[in-house]
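Residue numbers (the working numbering), protein chains in the order written: chain Y, 1 to 269; chain H, 1 to 285; chain G, 1 to 257.
Warning: the hint list may mix true and false statements.
Output of the computed footprint for chain Y on chain G, the stretches with three or more beta carbons under 8 Å from beta carbons of chain Y [stated by the list, open to error]:
(1) 112 to 123
(2) 147 to 155
(3) 188 to 194
(4) 201 to 215
What the hints contain is simulated information worked out from the structure, not anything from laboratory work. Values in this document were obtained by computation on a predicted structure and should not be read as measured data. We treat Cβ as the ideally placed atom computed from N, Cα and C, and that holds for glycine.
Chain by chain, the residues:
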Amino acid sequence: MIFNFLNLMFQIQIKEGTGPVFFVLVLFVAALFFFLDKARKGATFKIRKIAGLDAVNEAIGRATEMGKSILYTTGLETASHIATIASLTILSRVAKRAARYGTRLQVPSFDPIVMSLSQEIVRESYLEEGMVDSFKGDDIFYLTQEQFAYTAAVEGVLVREKPATVFLMGYFYAESLLLAETGNSIGAIQIAGTDAVTQLPFFIVSCDYTLIGEELYAASAYLSEDSNIISSLKAQDFGKALLWIFLLLGSIVTFAGSTKFLSLLGAST
Amino acid sequence: MNIWDKLSSIDRRWIFLAMAIFVSWPVLKPLGLPVTTTKEVESLYSFIEEIEDKKPIILALDYGPSTAPELTPMAKAVMRHAVSKGIPVVGVSLAPDAPGVANDIWKWAEEELGAIPGEDIAYLGYKAGTTNVILQMGQGISKAFPKDYYGNNTDDLEIMEGFESLKDASLVLGLEATAIMDLWIQYAGDQMGVPVAGGMTAVSAPEAYVFYQSGQIVGLMGGMKGGAEYELLVGAPGNAVQGMDAQSLGHIVIIVFIIFGNLGFFLGKKGQDVSRLKSLRGDQK
Amino acid sequence: MILNLIAPLGTTEGLGIWIAAFLTLCIFSFLYKDNPFYKFAEHLFVGVSSGYYISIYYWNTLKPNMIDELVKGFKALGQGNTQKAFGLDESGAVMAEPHLRMLIPLMLGIFILLIFISRKNAWLSRISFAWYIGVASGIAIPTAMSTRVLLQAQGSIRDFCSYNSDCATSAGLDPQVATTALWINAFLLLIGTLSALAYFFFSLPSKGALKVMNKVGIYFLMISFGASFGYTVMARISLLIGRLQFLFYEWLGITIS
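Okay, chain Y solo, but in the shape it has when bound (with noise of 0.2 Å):
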C-alpha cells in the first residue's frame, strides 16, 4: 500500500519527469514548516555537540596569551554561498572573544559584499562586548577576486604577522592546502570548516581541528542559538533519514530483481 502511494506521489507530471522531485521537495518543506512551527512554540531542540567547536575558544585564548593576532577567513564563495553564511555567524562568535580579550582579529576577504559583511558582523560584535572603541576597520579588508593572488596575499599576511590562531572556514578550491600548509608552517594553531568535499582531506591533514561537510552548517546553527536555524536542521536531518531508509529499501528491493525503486527515481526503465 505504501508503494503504490508512492508511486502515485512519484507520479504527479507538473512537467515532465519532475514528479520525484516535486514530492521530495513538497515532503522537506513540510518538514521544515513541521519543524519551524515547533520552535515558536517553544520547543528546543538539541543537537548534538561538535567536538571541534570547544577548541574555538581554546585557540583564541592562546592567541591572547601569546600577544599576537587571529586571522579568519570566510572562503572563496560569495554572501549567498550556504558556507560563507555559516562562517558569518561562526566569525560573530569569534569577533566576541576577540574583542572581549583583546585581540587583534583579521578579516581578508576575496568578495567585497562579504567585506562588507564581516566588518558589519564585527562592529556589531565589539559593540555587544563594549568594546567599540578597539574596533578596526581595516583589519576586514579586501584583498581580489583572483584565485591564487588572494592565496598569495593570505599567505604573505601569515608569514608577516605570523597570527596565533589561524581560522579557515567557508567555502575553498584549490588553495585551501596552501593557505593550511603556510598556516601550519607559522605554527599556527588551525581550525578549518568547509563543504568543499575535494578540499576536505587537506584540512584534516594540516589543521588541528576540521568541521567536515554539514558539520560547518550544525557549528554555525549551534553558535547562533537561534531556533529557526537549528529547527532547519532538524528538518535536513529528517531529509537524511528518509533516503537513509528509501536507499536501504531500494537496495534489498533491487537485489530481489525488482526495478520499482529505480523506476520511482526516474531511472532509464
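With chain Y's structure known, arrange chains H and G on it following the hints.
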C-alpha cells in the same frame, strides 16, 4: 632528538629541493615510462569516435592560466580527435580568465590541425552568469553569445548552421577547475538531455567520479594523467605524455617522504601527543 | 637534449616569456623564505588581477548588458518610440533586447550598493537580495535535488540488479557484466553511503548502533579523503611540471631530441 624525531622534522626546503631535482630530470631527459589508459577516458574517446551526424561538440573552457598545464593538453587532444573526424567544435567560457588560454588553443588548432575558423571550429568567448548562460544557450546559442570572441556575428558562422541551441550539441565537454562542472551536468545533462563529459583538474576529479558511476557523464579525464591518456588514444603524444615521467618520479618522492614522516611521527616523541594524533586521524568525536 | 638560445628579448612574445619567467622565479623564491622578490610578485599579481577582473566585468557584463541597452532605450525614447524603448515590438510582444527594462535590475543593483553608502537606507538591499536568492534558489534547488540526490541514489542502488538479467536489462545495464567484483562494489558503496550519511545526523547523540555507524562512516570518509589527497598531489606536481616545461622549453629554449 632521536633519528625518528629527526625524520619527522626534516626542513621542508630539503623536500622542495628533492622534488625540484626529481621532477626536472625527466622533463629534461624523458625516461619513457609506460602510460596506461583507463575506462573513464576510453569511454569518452569511444563516445566521440561514434558521433556520426557531425553534430558539434561544445568545448567549455572554464579555466585560466593557473590550471592550464593540466587542462590544455586535454583540450588539444580532444580538438585533434574531433577535427580529424570532421566534427565541429564550438568553444565557450564561463570563467573570466579563460579567453587568453582558449585563444592560444584556437590559434594552435588553426596552425597545427589546419582547422578553418568559423567552419570547423569557433570560439564564442566568455560570458558572465554561469547558470544563466547555460540556460540561455538552451534557448539559443546566439542568444547567449550574439558575437564570437573575434567579433563576428555568431549566426553568420557556417558552423552554426542547424546548430540553434545547446540541445543540438552531440556532447558538452567541460574542462573545469571549479564547480562549474556541476552546472553543466545539472542543466545541460540532466535537464536538457545533452550528453556531458568532464575534463577536470586532479583536485576536482574525485568529486566527478560519482557522476561517472551513476551514468550522468559519459566520460572523465582527471588531471594531467587524463590528458596524457587521451593524447595516447588519438596517437599524438604531447606535453601531458611528456610530463608523465616527471609525475611518476614526483609521486615516488612524495611517497618516500610520507613514509619518513609517518615513521618519525609514530616512533618519535610527537606520536605520544595523543590529542594531536586524534585530530590528525580526524577522530574528533 | 639540445640547448638553443634563451627566448629572444627583442620581440613582444620574447619579452612576455622573460617577464613570465622572472615572475615564476620570484614566486618560487618563497620556497626558500619570504623575500622582497616574492613580495613584489605577490603585490603585482593582486593588483593586475583586480584590474583585469574590473575590465572583464565592465566589457563583458556592464557595458553590453546595461550601458548599451540603456543607451539604445533612451535613443528610442528620444525618437518618441516608447514601445521600442522598453523592449517591446510593434505588436507589444516582449523582445529579447530589454533596453529600458534594464532600469529594474539597475535599481536592484543600486539598492545593494546602499550597504556601502547609506546605513539609513541599507534595508533596501534586502529587496535585491530577496529577489536574487529567490530566483537563484528556484532555479538551483529542483535541479540540484534531481542531480545530486535522486539520480545519485539511483546510481547507488542500480548495480544491485546486475545478477538478475531481466532487472539488469530494464535498468539499462549489460547482464553480461554481472561479476562478483561489481556486486562487492555495489555493497561497499551502499555501506559507505549509509554510514557516511549517518555520521551527519546531528539530532541524535552518537550512542549505540549510531556510534558504530559513525565510526564506520568516518573510516569511509577518511579513505575517500586519502584518495582525494593523492589526486591533489598529482595536480600540484602537474602544475610544477607545467612551469618547468615553460622555463626549460620556452624560456631557455631547450628541445628534447
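Checked hints:
{"no.": "1", "hint": "112 to 123", "verdict": "holds (count 3)"}
{"no.": "2", "hint": "147 to 155", "verdict": "holds (count 5)"}
{"no.": "3", "hint": "188 to 194", "verdict": "holds (count 3)"}
{"no.": "4", "hint": "201 to 215", "verdict": "holds (count 6)"}
Hint check: no violations occur; every hint is consistent with the structure.
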